[in-house]
Every structure is written in C-alpha cells, then in structure tokens.
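Listed below, chain by chain, are the residues.
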Amino acid sequence: MTTFTFEVLVTLKDGLSDPQGKAVESALPSLGWTNVRHVRVGKHIELEVEAHDEASALEQVRGMAVRLLSNPVIEDYQVLEVAPK
Amino acid sequence: MSGAVPPRVGVVTFPGSLDDRDALRAVEQMGGEAVPLWHADRDLRAVDAVILPGGFSYGDYLRCGAIARFAPVMEPVVAFAERGGPVLGICNGFQILCEAGLLPGAMIRNRSLRFVCRDVWLRVETAQSCLTGDLTPGETIEIPIKHGEGQWIATAEQLGDVEAQGLVVFRYASRTGIVDDVSNPNGATNNVAGIRNPAGNVVGLMPHPEHAVDPDVGPTGGQPLFASLLHVAMAGVTG
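Sequence order for the protein chains is A and R. Be aware that the first sequence starts at 1, since it is given in the numbering used here, and climbs by one per residue. Be aware that the second sequence starts at 1001, since it is given in the numbering used here, and climbs by one per residue.
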C-alpha cells in the first residue's frame, strides 16, 4: 500500500449567490483595493489515502467528494493530487 | 387528543442538537407521547412519527447536516420515510433531510450574513402534508426563526419540479399573506420556508413550530402544525 495525498477544493456553483464572497469583496475597497471583482469563498480539504495505486486512490477521493465533501446541489469540487514530498 | 393510546412521536438527539427538549415538550403539550431517540441507535422504538430537531448536529462541520445524514439512526429514519411514515425536520433537521436527499435543495448562508432570530409570518401553501393537514392554504401563522444558514436554494431543475408539483408547504409572508422580498428574512428562493416530498409525509422547514405551542412564551402558530402531525401519526396507530 502507498500513501497518496490529495487536495479537494469545494466552491459554490457559478451563478449561486455567495454571501461570504460578497462580504469579502465589499471589504476589500476599504483597504484600498477597488479593483477586485467576483470573489468566491470555498473550502480546501487535504487528505491522505492509502491505496494500491494512484488511480484507485483518485477514484476513492472522487467518491468522497461526491458523497460527503461537497453537496452536488450547490457546490462544485476539484480534486488535485499533491506530489510526494 | 382523544383515544386511549396517544401517538408516539420520536425526537432524535444528535450531538449538538439544541431543540430536542422543546420538540419533546411540544409533543407532550399537544397530547402525543414523546419518545427520545438517539443518533447512534438503529431502532426507532416503534414510533408513529419522527422529528429531526434544530441545533448544530456534529458542530455543523463541513456543511449543516452533512455528517448527521450518515448517523446510524438515519438508516431506519430513511426506511420509515420511504414506507410513508411522517418525518418532520426542523431547521437543522431540515438541512439533514436535504443532505439525505429526502427533500430537494440545500441551505446556504443567509443573504444578510447575519444570524436571524425573530418571529415571522408564514403563508400555508398546501394542506397536503403531514404538518398542514388541519390548515387551509392561504392562511398565515406566526412562529419564530433562528438560523444563520437558512437560505433555501435549489438547482433550476429542482426548483421547477418543486413549484410545478406544489411541494412548497410554507413561504415567508406578511401577516396578511403577501409574499414579498421585505418578508423574506434570509433570501430564500421564492420565499421558501418549508417544503415536502411528493407524498407529503416528509416535511422540512426552517422556522421552529416547537417554540410556538406555549402561549406563555410567545406566538402559538406551532399548535396547528403539531396537531396535524399528531393526527397523521394517530392514523398510523389506528390504521
């Protein structure tokens, strides 16, 4: 078995209102950044998976992303594999 | 309630549930037998209806209701719902029902980004649900809300189905039943405060009827809702 490390990025779907993103966007001008648009706030989840090979590990993480880490009704996810250190 | 045997209504306590005691108390006050249920149990103790109460189950980590959905008790709850048993989700319980796929849509952060805690008016949209059988569409009731993530939203396809099939049970409205943006406390799509499944035996709502049965502590808009639920549960007992 090998340990594989992944990052899962979860964001609200495009077109859905993102109240947290809006709050950040409206705070930035008070610090002088008046040139920022379309701020989206999401989640970053890191995890290590023990698996026989990379393909199996990736498939499992995708399963986790669909069933628990994201809610497909409102969120999109992206799975990134992190190179071993 | 008349009859020798009152209906048994189970209230599930998850780690982080807050309103389980009030829900149990409301059931007793309205004439039912309140049955405490535990998240780690796989048995519903022969109840005639199930309530998933409000609170912050499992700390609301990841998303509200996301972890609670996989609690051991949810397996028999889902089976009970699929057999037609009445299941009511209040606030966090509504979020759990959505996460479990028993109800369409999902809840996100309130439009205002603020936790909202106040009495609101709801317009009853249908009597075809386990919670509104004793009410008339168009009638308004007053009960409190208290949530930070209560903005109900859905995919365009889900929203189309929900409206076409008349699955909206309650909308945020004025006292006289006008559904407008001013009456919408959290930005919910189409002012949706509560929805049902097509069969009507599963209902979720953000407002808290269990906090609105005792005239000593506020509005009593929750009374007819609990009365409806007990009638449906009673039909299960005698039927």
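The hints are simulated quantities; they were obtained by calculation from the structure and are not laboratory data. Hints may contain errors.
Cβ-to-Cβ under 8 angstroms is the rule here; a few derived chain A residues that face chain R [unchecked claim]:
hint : residue
1    : 20
2    : 21
3    : 24
4    : 63
5    : 66
6    : 68
7    : 71
8    : 73
Just so you have them, the derived chain A footprint on chain R, three or more residues with Cβ under 8 angstroms [what the hints assert, rightly or not]:
hint : stretch
9    : 1007 to 1016
10   : 1099 to 1106
11   : 1197 to 1203
No residue lacks a Cβ here, since even glycine has one placed at the ideal position from N, Cα and C.
Cross-check of the supplied hints:
Taken as an interface hint, residue 20 of chain A checks out: its beta carbon lies about 6 angstroms from the nearest beta carbon of chain R, inside 8 angstroms. For residue 21 of chain A, the interface hint is violated, the least distance from its beta-carbon to any beta-carbon of chain R being 10 angstroms, above 8 angstroms. The restraint placing residue 24 of chain A at the interface with chain R is violated, with a minimum CB-CB distance near 11 angstroms, outside the 8 angstroms limit. Violation of the interface hint for residue 63 of chain A is found here, the shortest Cβ-Cβ separation to chain R being roughly 14 angstroms, above the 8 angstroms cut-off.
Checking residue 66 of chain A against chain R by beta carbon gives a least distance of about 12 angstroms; that is not within 8 angstroms, so the hint is violated. Interface restraint check for residue 68 of chain A: the shortest CB-CB distance to chain R comes to about 7 angstroms, inside 8 angstroms, so the restraint holds. For residue 71 of chain A, the interface hint holds, since its Cβ comes within 8 angstroms of a Cβ in chain R; the closest pair sits about 5 angstroms apart. Evaluation of the residue 73 of chain A hint against chain R yields a held restraint, the C-beta minimum of about 4 angstroms falling below 8 angstroms.
Given a C-beta distance limit of less than 8 angstroms, the hint that chain A covers the stretch 1007 to 1016 of chain R is violated, as 0 residues qualify and 3 are needed. A stretch counts as covered by a chain when three or more of its residues have a beta carbon under 8 angstroms from one of that chain; for the stretch 1099 to 1106 of chain R and chain A the count is 4, and the coverage holds. Taking a C-beta to C-beta cut-off of 8 angstroms, the stretch 1197 to 1203 of chain R contributes 0 residues in contact with chain A, too few for the three needed, and the coverage statement is violated.
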